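Student: Since chain P is already given, all that's left is putting chain L on it; use the hints.
Top to bottom, those sequences are chains P and L. Under the working numbering, the first residue of the first sequence carries the number -16, and numbering increases by one thereafter. Under the working numbering, the first residue of the second sequence carries the number 14, and numbering increases by one thereafter.
Rather than coming from a laboratory, the hints here were simulated on the basis of the structure. Just so you know, not all the hints are guaranteed correct.
[What the hints assert, rightly or not] DSS-like mimics (lysine-lysine), calculated; alpha carbons at most 27 Å apart, straight line:
hint, chain 1, residue 1, chain 2, residue 2
1, L, Lys269, P, Lys147
2, L, Lys228, L, Lys370
3, P, Lys270, P, Lys286
4, P, Lys164, L, Lys48
5, P, Lys91, P, Lys164
6, L, Lys48, P, Lys338
7, P, Lys(-14), L, Lys127
8, P, Lys70, P, Lys23
9, L, Lys269, P, Lys(-12)
10, P, Lys(-15), L, Lys314
11, L, Lys48, P, Lys337
12, L, Lys317, P, Lys(-15)
13, L, Lys17, P, Lys(-15)
14, P, Lys(-12), P, Lys73
15, L, Lys269, P, Lys73
[To be verified] Computed from the model, here is a short list of chain L residues facing chain P with C-beta under 7 Å:
hint, residue
16, His126
17, Thr181
18, Gly253
19, Glu255
20, Lys269
The structure presented is a predicted model; accordingly, all values stated were derived computationally and were not measured. A virtual CB, placed ideally from N, CA and C, is assigned to each residue, including glycine.
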Amino acid sequence: MKKIKILFIIIFVSLISTGCWNYNELNDLAITTGIAIDIKDEKYIVSYMIANAKKSQGETKSQESNSVVYTGEGNSISSAYMNLNSKISKIPYISHLEVLVISEDAAKKGVIDIIDFLMRNPESRKEFFVVLSKNTTASSILETLTPLEPFSAQSIANNLISNKTIQSTVIVEQFSDFVSKLLQEGINPVLSGAEIEGNIEEGKEQSSLESSTPGAIIKINTIGIFKDDVFLGWANHDETIGINILANEVGSILLESKCDDQYMAATMTNIETETNFEFDGDLPKLKINVTAQGALVEINCKKNLEETSVIEELSGEFENSLKTLLSNSINLAKQQYKSDIFGYGNMIYKNNFKKWNKIKEQWEDEIFPNLDVEIETNISLSSKGSFEQTILEAKDEE
Amino acid sequence: MKNKISTLQIVSLCWQLILSVDIGIISYISLISVKQDGWLSVIIAGILGIIPVLLYLYLMNYRPEMNFTELNEHLFGKVWGKIINTIVAGLIAFCVMLYFNNLNNFITSQYLHKTPTLFGIIIFSIPVIYLLNQGLTTIGRTTFVLFIFGLILLFLTILGLAGQVDLTSFMPVLEHDMTDIFGTSLRIIPYTAFALILLLCIPKKDIVDSEKLNKRVVISYVVSFLTVLSALFFIVGVLGAELAQLYQYPEFHVLKRISIGGFIERVESTLSLRWIFYIFTTLVFGLYFIKKYIETTFKIKKEKKLNIISSIVAIILLISCNWLFASNTESNMMTLKVIPIFLYIINLGVTILMVIKTKTKKC
Chain P
-16 MKKIKILFII IFVSLISTGC WNYNELNDLA ITTGIAIDIK DEKYIVSYMI ANAKKSQGET
44 KSQESNSVVY TGEGNSISSA YMNLNSKISK IPYISHLEVL VISEDAAKKG VIDIIDFLMR
104 NPESRKEFFV VLSKNTTASS ILETLTPLEP FSAQSIANNL ISNKTIQSTV IVEQFSDFVS
164 KLLQEGINPV LSGAEIEGNI EEGKEQSSLE SSTPGAIIKI NTIGIFKDDV FLGWANHDET
224 IGINILANEV GSILLESKCD DQYMAATMTN IETETNFEFD GDLPKLKINV TAQGALVEIN
284 CKKNLEETSV IEELSGEFEN SLKTLLSNSI NLAKQQYKSD IFGYGNMIYK NNFKKWNKIK
344 EQWEDEIFPN LDVEIETNIS LSSKGSFEQT ILEAKDEE
Chain L
14 MKNKISTLQI VSLCWQLILS VDIGIISYIS LISVKQDGWL SVIIAGILGI IPVLLYLYLM
74 NYRPEMNFTE LNEHLFGKVW GKIINTIVAG LIAFCVMLYF NNLNNFITSQ YLHKTPTLFG
134 IIIFSIPVIY LLNQGLTTIG RTTFVLFIFG LILLFLTILG LAGQVDLTSF MPVLEHDMTD
194 IFGTSLRIIP YTAFALILLL CIPKKDIVDS EKLNKRVVIS YVVSFLTVLS ALFFIVGVLG
254 AELAQLYQYP EFHVLKRISI GGFIERVEST LSLRWIFYIF TTLVFGLYFI KKYIETTFKI
314 KKEKKLNIIS SIVAIILLIS CNWLFASNTE SNMMTLKVIP IFLYIINLGV TILMVIKTKT
374 KKC
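Extracted from the complex, chain P is given alone in its bound form (with noise of 0.2 Å):
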């Protein structure tokens, strides 16, 4: 009796433990690298793309892509998927989500619905980046072929991390922090946008990526603001690296300024900003200070550069240049589209929590855009690259 009873648990056992119920083999799922939203006439066009599974096993053609975009279109962004999902063989496949491309439509209309529906995914990791499409569709980002990474989505991403560590022209914001930003008080996300530079149609030609110079290439190099989770507009690639700057998030950015007639180019790196609020009354008064190093890598005008005073000079001329940088950057939030893309209300909620429930109300439409702000700046010139002189200035001494 008790061999059967064990015979019993052992083929029961082994009957419910074979795997997941309704699993899926990898063949089966379109694994999803990239999804595009736009919006046309009131409806939603959800873009997948697939990455071409065929590739991987060595099947691949040399004149078929590495990935292929599906469409679909719907009143909501659900139906738009169902609408796509028809006319795909497999199942599609988010875990593995890289990038999310809205357009510059969609986003105008706020971007709550986009939000809910991959929030309410569960099978979407929440952990991928978010870009808004500049002068073109989401979906053509997507389509367009890359030279360097197999998928467009691949190379959005890598774009997104190498870019923000040399340049600083973009924020790499993920979708969750994205998210969080919507829902915090006293501030407003912001988001990098993606363009297409070249003959977009060319672009998404395999033919493209055969020439030395691809009919189409994607850059991120702006950045598009929001109030709430409505898009407002863009900022230009200076205004870009100052809301960065003063987001403290920024790696290392290249700064010109004037040098007699000339110009000359330094690369400032460990950049802190420091932000304080002073209060008059319930009114706040802004104090930022920002500090760099910095390493001249250009020059093109006549200096002495071994003279101690010549190099205060030239740190001088480089923090002014960073101080109108900063103030163009904040007036453009400020005044123009009346948005606390920094997060300094929220800066104030969260540090004087009393003060922020007398001024919220306001702060948006008031108290921000005439917010008085102070800038300080302070760059250390510290390295000269391998040279010691001017060329111009050597030559004269000769």
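Tutor: For chain L alone, kept in the frame of chain P given last:
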């Protein structure tokens, strides 16, 4: 030796019983009610929650040869004792269903969203019922093994999240009134208190080296609460209170951020196994409590008969949890507002009555 358990196993049991109410209950209640001030509620709950623990220890020490149901019959007489035992057993049965429902909901909503809940129920019911029939010693050993696994997973979790905490997420401190914070603590206490009442199903005489029991239980209680606090610390510190509030199980989502050495990633499913262990242990002990209730109340002497009856009861409870709540919304509402009241009235009410009765009996 079939019904003996060591103090160390009791300590591991305390830890798991308290942490089993962390996921989906304590963190949910504190985040929903007082957001980033939740840590204060947990600290207050931890301090006040020691009172029921001391009462339980007092009852355990009062008659070391008796378990909870026997003690009740001894204190209140056969009839009232049975009535009180039935009410408490009913509450425990309900809570077993609630916890199992929570576990199934967690599994089906986070990992296996296409798997029918009933399938998960069957998978978990088998080891639960098997352990129930094996007796206290096997349950104790299993609990201890799961405790060790849980500790390793907890260590890895802390290692992976430590660098990601943003302390400004806890600001502003005291955004909510002390009344709200205190009220939240009062909602947390009955859950932890209930979890530890399960210890009373073990008579002190069945605990090996029981002379150190009181001290060790109190220490494990404190350490367990610190662990609950650390869970909340990582949830708010990494996700932020606003985002954490959105998730049904923020504990699971915070694990998605884990990166150890830049190459150990996507390990949330493995690391979250410890909650499954904790709830599993609580289920086993809840059902063991009911088994002891059946044994005492219906005077069942034959072990085989007792095992069959308790297994049938366990199967009914575990399977019917699938139909306990119509939706998650209803389950959350009950967890937040209704169940704490019942836990106070029945669980703590009966405990206080028992303590009073022991005092009057002495007189």
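Student: Next, verify each hint and record whether it holds.
Tutor: So, going through the hints one by one against the coordinates:
| no. | hint | verdict |
| --- | --- | --- |
| 1 | Lys269(L) to Lys147(P) | holds, 23 Å |
| 2 | Lys228(L) to Lys370(L) | holds, 25 Å |
| 3 | Lys270(P) to Lys286(P) | violated, 33 Å |
| 4 | Lys164(P) to Lys48(L) | holds, 16 Å |
| 5 | Lys91(P) to Lys164(P) | holds, 17 Å |
| 6 | Lys48(L) to Lys338(P) | holds, 20 Å |
| 7 | Lys(-14)(P) to Lys127(L) | violated, 36 Å |
| 8 | Lys70(P) to Lys23(P) | holds, 20 Å |
| 9 | Lys269(L) to Lys(-12)(P) | violated, 42 Å |
| 10 | Lys(-15)(P) to Lys314(L) | holds, 22 Å |
| 11 | Lys48(L) to Lys337(P) | holds, 17 Å |
| 12 | Lys317(L) to Lys(-15)(P) | holds, 14 Å |
| 13 | Lys17(L) to Lys(-15)(P) | holds, 26 Å |
| 14 | Lys(-12)(P) to Lys73(P) | violated, 42 Å |
| 15 | Lys269(L) to Lys73(P) | holds, 26 Å |
| 16 | His126 | holds, 5 Å |
| 17 | Thr181 | holds, 6 Å |
| 18 | Gly253 | holds, 5 Å |
| 19 | Glu255 | holds, 4 Å |
| 20 | Lys269 | holds, 6 Å |
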